[in-house]
Amino acid sequence: MTAAGRPAPAVVLERGRPATAEELRLRADWIRLQTVRLIDAAGLGHYSSTFSCAEILAVLYFRALRLSPGEPSWPDRDRFLLGKGHAAVGLWPVLAELGYFPAGWLDRFGRSGSPINDHPNMRTAPGIDFSSGSLGHNLSVAVGMGLAGRLQGRDYRTVVLTGDGELQEGQVWEAAMAASHHRLGNVVAVVDANGFSGGGPTSQAMNIEPIAARFHAFGWLTMEVDGHDVTALVDAFDELPAPASNTPVCVVARTRKGRGVAMMERSPQAWHLGLLSPAQRDEAIAEIEGRMR
Amino acid sequence: MEDVFSERRAARADRPAFLGRELLRLVEERDDVVVLSADMGAVVTELRERRPERYFELGIAETNTVSVAAGLAACGLIPYIVSMGPFGAIKCAEQLRADVAYTHLPVRFVARLSGLAMGFFGTTHHAVEDIAIARSIANLTVVAPSDEWSAVALLRSTVDHPGPVFFRVSEGAEGEVHPETPAIEPGRFLPVRPGSDATIIATGVAVAAALGAARLLEADGVGVEVLDAVYLKPLDEAAVLRSAASTGAILTVEEHSVVGGLGAAVAEVLGRHGVRARVRIHGLPDADLDVATPPVLRERYGLTAPAVAAKVRRLLAAG
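Listed in order, the protein sequences are those of chains A and B.
Number 291 marks the last residue of the first sequence (my numbering); no jumps.
Number 313 marks the last residue of the second sequence (my numbering); no jumps.
Do not take every clue at face value.
[Unchecked claim] Chain A stretches covered by chain B per the calculated footprint, using a threshold of three residues with CB under 8 Å from any CB of chain B:
#1 127 to 135
#2 144 to 157
#3 175 to 188
It is worth saying that the hints were derived from the structure and are not from the lab.
Don't be surprised by glycine CBs; every beta carbon is placed ideally from N, CA and C.
Using the sequences and the hints given, assemble the complete structure.
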């Protein structure tokens, strides 16, 4: 099997696309604004888990990943798996912006019959490389995609975004073992380490630290960055070893749950799942837009 | 006790050698077939030696193996997972549902040593709930060979099925059911023998017992139709309704719990269609099961020709 065959799509967004730090910061806040808008229309959604990974999504999708929005199933694209699927509300505006589907779809987020919902479904939404919703599965799926890339002679990467709470799932560590055993340098795990799971502080539920040391012990290369510092994220993704290398990479992104809206940073747990009142919504929008001016 | 794990020592009661042979054939014939196992690689020794690049060992980590297969399938490959019924299938129900079935991916899950095939090792090693689990998952096709011939036929006939397929392989039957590789039609039972007094619908190793029972009853002048439920999902509803109309007396036989298995599926069909028939469900009790070698357990739970024949007689006597 070879990578020969299907021609490259007309438009390929290559890795390392030029984007200034200011542009990426604005993108992250734009993701937050869109998240507020979509949840407001749907009546329920995951705010603070999405806010913690807004910079990560911005840097991946507007710089680091090799994408082909016009041909979402292009075999040589980088794969992105949203292990923490409850942050999908922040991914939908990004995919629409890049042209995976019409922006009008966003207005139906979470409605009956909508192709885009609280968790991503690869069967209904273009640009979703794999479904998620049950935590702990997607790193395993990434191992399968990494093995397929090796077998087919393709140089794509598979990037999985997990939460730190998600790392409590045992299957994650089965996958971590498998990725290093099979020498999959084309697999990258990004941990949105916001310190909270659904029920409270991650460390109180079940301590998962030290995350990087644990992945290192499982045979991974590890990096630890400020997950809200777009420059640090750009550097981390720019410095990833080539996909043909032999060691999977874990980027531990230290983040803050609810980042970017003060009331959520103060009580991140309260805004894991919820709905802002109209007054709260306006306050959150004003705060985010204030930074974007 | 048989070495139930190796293809090299497996030509006696337990015969998985066909599996290694067929998977190797598939890998040699096609460039999109890959094979995975969670420490069950002894079944495919030759394949591992000849085509190592197409074989992925995942260790004793069944749930990971299923999701890894899903990732491979999402990249255009057709992964065959060689696993064990009790650990592979039952432990991985959620991975099968979320990553394989909801996604409609062409993963083939071969649940070997299902039913009571590993009964010697303890109740942890029974797999008597797997049909119930598998057939309740949307999009999952569920098939169960009754002998080596039908196993090969099912493997070959489903390779291009666009969605996932669950193979329930309950090994260790005595005697063959089919004289040669049968022609498989998706969603259809295989007729094993005709009869007009009663119908036995059986699956897996129970088909051999059903066939033996039909022969015993024939000597008494009782004509028993035997249907091999190689497809458990989709179920051959037309065949069930036909038998309900023709013999009006249906005994289902399975090496599976009486809860949620073949018998339940047959009863559901009759219930959905509002059809009256005399029906008995013969399977393993919904209770703690004994631990012993498969022949002893089959004797204990009436999955033998004489025991099945007695069930048919009681069904007919009930009128």
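(request) Tell me, in ascending order, the numbers of any earlier hints that this structure violates. (result) Of the numbered hints given earlier, the structure breaks none, since each of them holds.
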